[in-house]
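There are 2 protein chains.
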Amino acid sequence: MKKLSTFILAFIIFQVNAQQRNLAEKLGYSAEDKLLIIHADDIGLAHSENIATIEAMKKGIVNSTSIMMPSPWATEVAELIKDMPGLDIGVHITLTDEWFNYRWGPLSGKNAVPGLVGKDGYFHFDCAAVAQNASPEEVEKEIRAQIDAALAIGIQPTHLDSHMGCVFYGRPEFVVSYLKLAQEYGIPAMMVEGLFQQVVVPNKELFKEINLDQVKIIDNVLIASTEIYDSIGLPEYYTNVMNELQPGVNVLLIHVAYDDEEMKAITTRFDHWHGKWRQGDFDFFTSEKAKKLLEENNIKLVTWKEIGKL
Amino acid sequence: MKKLSTFILAFIIFQVNAQQRNLAEKLGYSAEDKLLIIHADDIGLAHSENIATIEAMKKGIVNSTSIMMPSPWATEVAELIKDMPGLDIGVHITLTDEWFNYRWGPLSGKNAVPGLVGKDGYFHFDCAAVAQNASPEEVEKEIRAQIDAALAIGIQPTHLDSHMGCVFYGRPEFVVSYLKLAQEYGIPAMMVEGLFQQVVVPNKELFKEINLDQVKIIDNVLIASTEIYDSIGLPEYYTNVMNELQPGVNVLLIHVAYDDEEMKAITTRFDHWHGKWRQGDFDFFTSEKAKKLLEENNIKLVTWKEIGKL
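If you read the sequences in order, they're chains A and B.
The first sequence: position 89 = 89 (my numbering), numbered continuously.
To convert, count from 1 in the second sequence and add 1000; that's my numbering.
It is worth saying that the hints were derived from the structure and are not from the lab.
Some hints could be false.
[Stated by the list, open to error] Label-pair restraints from in silico Cβ distances:
{"hint": "1", "chain 1": "A", "residue 1": "N240", "chain 2": "B", "residue 2": "D1230", "range": "51 to 61 Å"}
{"hint": "2", "chain 1": "B", "residue 1": "N1133", "chain 2": "A", "residue 2": "E79", "range": "49 to 59 Å"}
{"hint": "3", "chain 1": "B", "residue 1": "A1131", "chain 2": "A", "residue 2": "D230", "range": "50 to 60 Å"}
{"hint": "4", "chain 1": "B", "residue 1": "S1287", "chain 2": "A", "residue 2": "E184", "range": "52 to 62 Å"}
{"hint": "5", "chain 1": "A", "residue 1": "E184", "chain 2": "B", "residue 2": "Q1132", "range": "27 to 37 Å"}
{"hint": "6", "chain 1": "A", "residue 1": "G154", "chain 2": "B", "residue 2": "N1297", "range": "34 to 44 Å"}
[What the hints assert, rightly or not] Restricting the straight-line Cα-Cα distance to at most 20 Å, the calculated cross-link-like pairs of lysine to aspartate or glutamate (EDC-like) are:
{"hint": "7", "chain 1": "B", "residue 1": "K1305", "chain 2": "B", "residue 2": "E1205"}
{"hint": "8", "chain 1": "B", "residue 1": "K1276", "chain 2": "B", "residue 2": "E1205"}
{"hint": "9", "chain 1": "A", "residue 1": "K119", "chain 2": "B", "residue 2": "D1148"}
{"hint": "10", "chain 1": "A", "residue 1": "K26", "chain 2": "A", "residue 2": "E306"}
{"hint": "11", "chain 1": "B", "residue 1": "K1264", "chain 2": "A", "residue 2": "E296"}
{"hint": "12", "chain 1": "A", "residue 1": "K264", "chain 2": "B", "residue 2": "E1055"}
{"hint": "13", "chain 1": "B", "residue 1": "K1264", "chain 2": "A", "residue 2": "D260"}
{"hint": "14", "chain 1": "A", "residue 1": "K305", "chain 2": "A", "residue 2": "D120"}
{"hint": "15", "chain 1": "B", "residue 1": "K1276", "chain 2": "A", "residue 2": "E296"}
{"hint": "16", "chain 1": "A", "residue 1": "K264", "chain 2": "B", "residue 2": "D1259"}
{"hint": "17", "chain 1": "B", "residue 1": "K1119", "chain 2": "A", "residue 2": "E79"}
{"hint": "18", "chain 1": "B", "residue 1": "K1082", "chain 2": "B", "residue 2": "E1055"}
{"hint": "19", "chain 1": "A", "residue 1": "K264", "chain 2": "B", "residue 2": "E1079"}
{"hint": "20", "chain 1": "B", "residue 1": "K1264", "chain 2": "A", "residue 2": "D120"}
{"hint": "21", "chain 1": "B", "residue 1": "K1119", "chain 2": "A", "residue 2": "E209"}
{"hint": "22", "chain 1": "B", "residue 1": "K1264", "chain 2": "A", "residue 2": "E55"}
{"hint": "23", "chain 1": "A", "residue 1": "K276", "chain 2": "B", "residue 2": "E1055"}
{"hint": "24", "chain 1": "A", "residue 1": "K264", "chain 2": "B", "residue 2": "D1260"}
{"hint": "25", "chain 1": "A", "residue 1": "K34", "chain 2": "A", "residue 2": "E296"}
{"hint": "26", "chain 1": "B", "residue 1": "K1059", "chain 2": "B", "residue 2": "D1219"}
{"hint": "27", "chain 1": "B", "residue 1": "K1059", "chain 2": "B", "residue 2": "E1025"}
{"hint": "28", "chain 1": "A", "residue 1": "K204", "chain 2": "A", "residue 2": "E173"}
{"hint": "29", "chain 1": "A", "residue 1": "K264", "chain 2": "B", "residue 2": "E1205"}
{"hint": "30", "chain 1": "B", "residue 1": "K1082", "chain 2": "A", "residue 2": "D120"}
{"hint": "31", "chain 1": "A", "residue 1": "K264", "chain 2": "A", "residue 2": "D230"}
{"hint": "32", "chain 1": "A", "residue 1": "K119", "chain 2": "B", "residue 2": "D1219"}
{"hint": "33", "chain 1": "B", "residue 1": "K1264", "chain 2": "B", "residue 2": "D1283"}
{"hint": "34", "chain 1": "A", "residue 1": "K82", "chain 2": "B", "residue 2": "D1219"}
{"hint": "35", "chain 1": "A", "residue 1": "K276", "chain 2": "A", "residue 2": "D213"}
{"hint": "36", "chain 1": "A", "residue 1": "K58", "chain 2": "A", "residue 2": "E295"}
{"hint": "37", "chain 1": "B", "residue 1": "K1180", "chain 2": "B", "residue 2": "E1205"}
{"hint": "38", "chain 1": "B", "residue 1": "K1264", "chain 2": "A", "residue 2": "E261"}
Glycine included, every Cβ here is placed at the ideal spot set by N, Cα and C.
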């Protein structure tokens, strides 16, 4: 039995790897090329996040972002990017609100998706509460509402991804909706190899409406953890990421803002992911050092827009 | 005919004045006393507005405020006032979003109240658009949602009022809902003499469900206009208000925030009501001069909480 499952796993990995090589090659690169999307999550969260992220895309090496539509600052993003027509910007599907003093709820309305809100009427704090309380229908309704909201303010999303991974780490049906809507709107949805194998492959029947051959699978998604922040720190981590990047399509998730009064006030809840952390991301990815690391390691930046054109 | 209408008007004014004297007297003052609520609108709008308003209530002479529940920063207010149990705080019923880059929509959900939102899914910019597009049922639903949202985060509202006056300057039915819900929740709703005569008195049949004897009518509502801001400026205006205050119950509406990056970014749309204006309100109402003006003019501060207890 072990032998069989090993064989099956090997076969799956072969399949996935074949597709990955295909993705890199379809993008016009060789399977040995190190491709990277430097992706700033959370634009729209706050004014500070907006202006810092845009600055890091104009002056630094950040080349993709995704927007949190339930925030009132989402509209400022639409205004700020008017003179940046080629900008790579997706919808950062947001099903939670993890801050204490800065809260929002579903764009589809709390009465339309009661399972997505707590007693206070706002989104739940974490993905576990989303998975426990929200139905797949509610999640699908809210994903659609957020894509439509982006379109309504003039943002043509280049991709979808998931804030805090709540779409990925809830119920497989959430992933079905996520891939289904990406397919419907004709944009790629971030999907990484490990997740595809854990969630999609064992539930093929659930995903029967999805054209799985068209799902664009990223080789590696990289992100600094709280442990990394507390130990080696962000600059060393990002330096290591660049120096050790694997061939294939990689996504590095960062969060860019200024450590100002607004961001400090929003992020009081945690000792991580706060203004200082986000300022650190800004500082690194607008530095000369970061640009040099790209060159030295022959890393090629790619975008979701390019992937979406495949 | 003219004679009759003059008589009717005189009669109405007599009635209203009798009630006003009653309000002052019921509060334990004489009809000659100059009573004042110094009311900071718009708490909840932004972090800057929150901390400046609370500071002006702790250190200055601001003694009442009302909260904008559709803003994500409303929850910070609930946190900030935990150690201020006597705080006079109402719900600033918000049916618009007048800023360009900082937008929100109805708490009852845009699908539940489509007439309250524009094509972009956010509230309309001004009261005229609300009056043209929203039904009385939608307005009532949203007023209720905002009161319930305040209660859900632990705020016991002391009163209701209306952001930009959209409840007052729309359709008389909006005022019916406003007074009806105030009656249902057992809190006063700001209503000034002139408005009562313009909207309520000629439409008595519409207001048949409201116990009009219980409506607390304010003698004067004072607010700096854009013309005042551009001519004599805020300090001179507020000095005049204090020196010329009339006997009875007066409400002075101000807007308190710091002129910081956040407030500047929110208020880009207008040359008025911006961070500089709000900083000016903060500066005046935390000044020694303002305190002295209260004393010199023998002005007595009263609150909505006191009015609500009548």
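Against the structure, the hints come out as follows:
| no. | hint | result |
| --- | --- | --- |
| 1 | A:N240 - B:D1230: 51 to 61 Å | 58 Å, holds |
| 2 | B:N1133 - A:E79: 49 to 59 Å | 24 Å, violated |
| 3 | B:A1131 - A:D230: 50 to 60 Å | 55 Å, holds |
| 4 | B:S1287 - A:E184: 52 to 62 Å | 59 Å, holds |
| 5 | A:E184 - B:Q1132: 27 to 37 Å | 34 Å, holds |
| 6 | A:G154 - B:N1297: 34 to 44 Å | 52 Å, violated |
| 7 | B:K1305 - B:E1205 | 30 Å, violated |
| 8 | B:K1276 - B:E1205 | 45 Å, violated |
| 9 | A:K119 - B:D1148 | 11 Å, holds |
| 10 | A:K26 - A:E306 | 10 Å, holds |
| 11 | B:K1264 - A:E296 | 41 Å, violated |
| 12 | A:K264 - B:E1055 | 18 Å, holds |
| 13 | B:K1264 - A:D260 | 14 Å, holds |
| 14 | A:K305 - A:D120 | 38 Å, violated |
| 15 | B:K1276 - A:E296 | 49 Å, violated |
| 16 | A:K264 - B:D1259 | 17 Å, holds |
| 17 | B:K1119 - A:E79 | 17 Å, holds |
| 18 | B:K1082 - B:E1055 | 14 Å, holds |
| 19 | A:K264 - B:E1079 | 15 Å, holds |
| 20 | B:K1264 - A:D120 | 30 Å, violated |
| 21 | B:K1119 - A:E209 | 31 Å, violated |
| 22 | B:K1264 - A:E55 | 18 Å, holds |
| 23 | A:K276 - B:E1055 | 26 Å, violated |
| 24 | A:K264 - B:D1260 | 14 Å, holds |
| 25 | A:K34 - A:E296 | 12 Å, holds |
| 26 | B:K1059 - B:D1219 | 27 Å, violated |
| 27 | B:K1059 - B:E1025 | 29 Å, violated |
| 28 | A:K204 - A:E173 | 11 Å, holds |
| 29 | A:K264 - B:E1205 | 53 Å, violated |
| 30 | B:K1082 - A:D120 | 16 Å, holds |
| 31 | A:K264 - A:D230 | 19 Å, holds |
| 32 | A:K119 - B:D1219 | 39 Å, violated |
| 33 | B:K1264 - B:D1283 | 17 Å, holds |
| 34 | A:K82 - B:D1219 | 48 Å, violated |
| 35 | A:K276 - A:D213 | 41 Å, violated |
| 36 | A:K58 - A:E295 | 18 Å, holds |
| 37 | B:K1180 - B:E1205 | 14 Å, holds |
| 38 | B:K1264 - A:E261 | 13 Å, holds |
Hints 2, 6, 7, 8, 11, 14, 15, 20, 21, 23, 26, 27, 29, 32, 34, 35, counting from the list given before, are not met by this structure.
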